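Chemist: Residue numbers (my numbering), protein chains in the order written: chain U, 1 to 361; chain E, 1 to 361.
Check before you lean on any hint, since a few could be wrong.
Just so you know, same-sequence chains aren't split out, so a pair can sit in one copy or run between any two.
To be verified - Each computed DSBU-like pair below joins lysine-lysine, with the alpha-carbon atoms no more than 35 angstroms apart:
(1) Lys95 x Lys361
(2) Lys74 x Lys95
(3) Lys58 x Lys235
(4) Lys330 x Lys19
(5) Lys224 x Lys43
(6) Lys235 x Lys224
(7) Lys90 x Lys74
(8) Lys87 x Lys43
(9) Lys43 x Lys90
(10) Lys283 x Lys35
(11) Lys43 x Lys63
(12) Lys235 x Lys63
(13) Lys224 x Lys212
(14) Lys351 x Lys87
(15) Lys283 x Lys29
(16) Lys92 x Lys235
(17) Lys92 x Lys238
(18) Lys54 x Lys351
(19) Lys24 x Lys92
(20) Lys194 x Lys237
(21) Lys312 x Lys330
(22) Lys194 x Lys351
(23) Lys238 x Lys224
(24) Lys351 x Lys212
(25) Lys90 x Lys361
(26) Lys312 x Lys90
(27) Lys35 x Lys228
Don't read these hints as lab results, they were simulated from the structure.
In this text, all values refer to a predicted model and were calculated from it rather than measured experimentally.
Number of protein chains: 2
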Amino acid sequence: MTKYCITINDVNYPVKIIKNLYHKINIFKQLISTKQIIIITNKTIKTFYLKTIKNIFKNTVIKIDSIIIPDGEKYKNLSIINNIITKLLKKKYTKNITLLALGGGVIGDITGFVASIYKRGVQFIQVPTTLLSQVDSSIGGKVGVNHILGKNMIGTFYKPTSVIINLDFLKTLPKRELYSGFAEVIKYSIILDKAFFNWLENNINLLLQLNKEAIEYCVYKCCKLKLKIVSIDEKEKKSLRTLLNFGHTFGHAIETYMCYGTWLHGEAISVGIAIATKISELKKQITSKEANRIITLLKQAHLPIKGPFEMKPNHYITYMINDKKNINNKINLILPISIGKSIIYQNIDIKTITLAISYLK
Amino acid sequence: MTKYCITINDVNYPVKIIKNLYHKINIFKQLISTKQIIIITNKTIKTFYLKTIKNIFKNTVIKIDSIIIPDGEKYKNLSIINNIITKLLKKKYTKNITLLALGGGVIGDITGFVASIYKRGVQFIQVPTTLLSQVDSSIGGKVGVNHILGKNMIGTFYKPTSVIINLDFLKTLPKRELYSGFAEVIKYSIILDKAFFNWLENNINLLLQLNKEAIEYCVYKCCKLKLKIVSIDEKEKKSLRTLLNFGHTFGHAIETYMCYGTWLHGEAISVGIAIATKISELKKQITSKEANRIITLLKQAHLPIKGPFEMKPNHYITYMINDKKNINNKINLILPISIGKSIIYQNIDIKTITLAISYLK
Ligand SMILES: NC(=O)c1ccc[n+]([C@@H]2O[C@H](COP(=O)([O-])OP(=O)(O)OC[C@H]3O[C@@H](n4cnc5c(N)ncnc54)[C@H](O)[C@@H]3O)[C@@H](O)[C@H]2O)c1
Ligand SMILES: NC(=O)c1ccc[n+]([C@@H]2O[C@H](COP(=O)([O-])OP(=O)(O)OC[C@H]3O[C@@H](n4cnc5c(N)ncnc54)[C@H](O)[C@@H]3O)[C@@H](O)[C@H]2O)c1
Ligand SMILES: [Zn+2]
Ligand SMILES: [Zn+2]
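Build the full structure now, drawing on both the sequences and the hints.
Modeler: Rendered as structure tokens:
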């Protein structure tokens, strides 16, 4: 692990983790093979970083344009996709362009989806600016948008040309967004890596303070874990990649029920992790001691373990039946059987789910 | 070539050409691996064939549902995609479904695009009912929709599970639609196969009368030609598949200018073929004798060689600049250099294009 630039090449696109963007100009230049870049970002991120990114390409032959969309998960829908495509077509952009996603998971998912369907596919680069997008959404090629009837229901698998992770972006990230990112970090450790979970328990305070070494190791570790899974099971055809949806069945139910606004993705996932852990405990798959360690770590990261007050167990059940993971209307859930190990539990009974949700109320 | 069922396996999905659907029930049953089929078709085709298809699955464990959309190229847009997805989500369909496209190119392109983005991809089967879709659009995995600013500007590459071509469908096809299909047939012969062009010249009248042997050979030949190209250059990364766009640069300009209504796709392509042939003649790439043979064959198939009266040369040029084939705003065109042979002519001058269009006015 070099000090300033880590390149991971486990899939067929590079994932580069850097610090201090301003000295890494060549990284961008090397990775882009078209003469036209269109940065897609939102109003919030624009004020912080748009000029910086544009400046990188000053004095080069590469032309830069940008499309600014409103900020928020509730704009991650088919109508914003149409708006962006209309803008691209109005400027007569050919297939020979690179879309650059500058933002969190929302911007990344939207930009990638546009890239996958604009003139049947153009290049795109992920430049994730949130912890959540740096450790999770920018990697793995899942792109898409929400539908009022369900989270991420419209999308494709589409690979970025490269992923450039600048850790310095995290300095301006609101604390609540930072915590949200740790939900996915904790997720990886529970389903895949006990040693990493132990490390997180010991370093959570350093991480929350954005300690340089701790954050660098944490992001690197998560990228490695995700890339390993994705390189084996890119399109979620085997059950391996499905494990990454741990906590997401309940999480997506919350996000959809709350109309993609008030709850952050990571917060919803945190509750989902808590519920799934409780179910596992009730089903005697995981020990109470380990279940408690999971709940404690979530709390230490300032993450919620109870869902929205107004959501009753049957609200979760209704949404769960429409989950992408289900085959033939049976509810399957990813459950941790011990810290670092998880399984897909088939055809789970509604009573246990209800019980677990009530416990955490 | 067996008498009743031809299977072509040049790509990794079977293309089956059959006659008399009613006796080939097992073909469908064998090819579908999900327990739920959703037929997507339009109001016109519904009255002719929906019951027939539904009956095939009577007394099987496979459940059938259908979504009926309005008839017409002008409905091939993102808004219909959203409508179909909403219907699928309302019925809580999981990823474990097969969409069955029952119709012409419009239904096939729409259904395939929905299949490619619904929950990140479900299976789909093409059951093309027009000559154009049987010889061209159902094969090759290009799916998508139009945008007011351009034809097929939104889409993906997504393979069907199989293509089932029932020649009997052609009996109810309006004559004008039949002629439209021959534009793509003639296209193949000009760019790829001189012997086939000669055969078409000799058999065009039999074909227009839907003579069984002639139509069977014609569809088989076109499928073979397209499959060969697609198997070598699936995603149009080499220039080979680009050749299939012969005539389409001008054709798409006409369709877009006319707002996807009055002109049929094949009619627009026929004019495009005529203009490109004229340009080739002006550029001394093809002999006048061969150029005339091309124009004559188009006319014999009752196809137009002049564009809409109201379209001036500069209307074509404007649209052409936004064409998917262009790289860096230079207009590239596919030109026949002799019957059976074509090239991508780079950076063509606007004067010659204007001249050719004026010639055909
Ligand atoms: N594609 C995948 O594999 C995948 C995986 C996990 C999550 N996701 C998706 O990711 C989305 C959540 O992503 P997110 O948590 O990054 O949310 P987000 O994209 O909404 O970003 C969070 C907020 O932080 C702001 N912001 C971003 N970077 C900033 C910075 N550096 N400084 C200051 N403010 C900044 C944004 O404007 C936004 O208001 C969800 O839609 C989720 O479904 C996708
Ligand atoms: N994906 C590709 O590779 C590809 C290739 C070529 C064309 N296309 C697309 O295909 C579309 C044109 O397809 P098309 O020419 O089949 O038009 P279409 O789908 O509009 O069908 C033509 C008309 O015939 C009717 N019809 C269809 N089958 C019938 C039958 N058996 N009996 C009676 N009526 C019938 C339809 O309802 C419609 O009114 C265009 O949108 C074009 O862009 C796509
Ligand atoms: Zn997530
Ligand atoms: Zn065509």
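Chemist: Could you work out which of the previously given hints the structure breaks and list their numbers from low to high?
Modeler: Those not satisfied are hints 4, 15, 18, 24.
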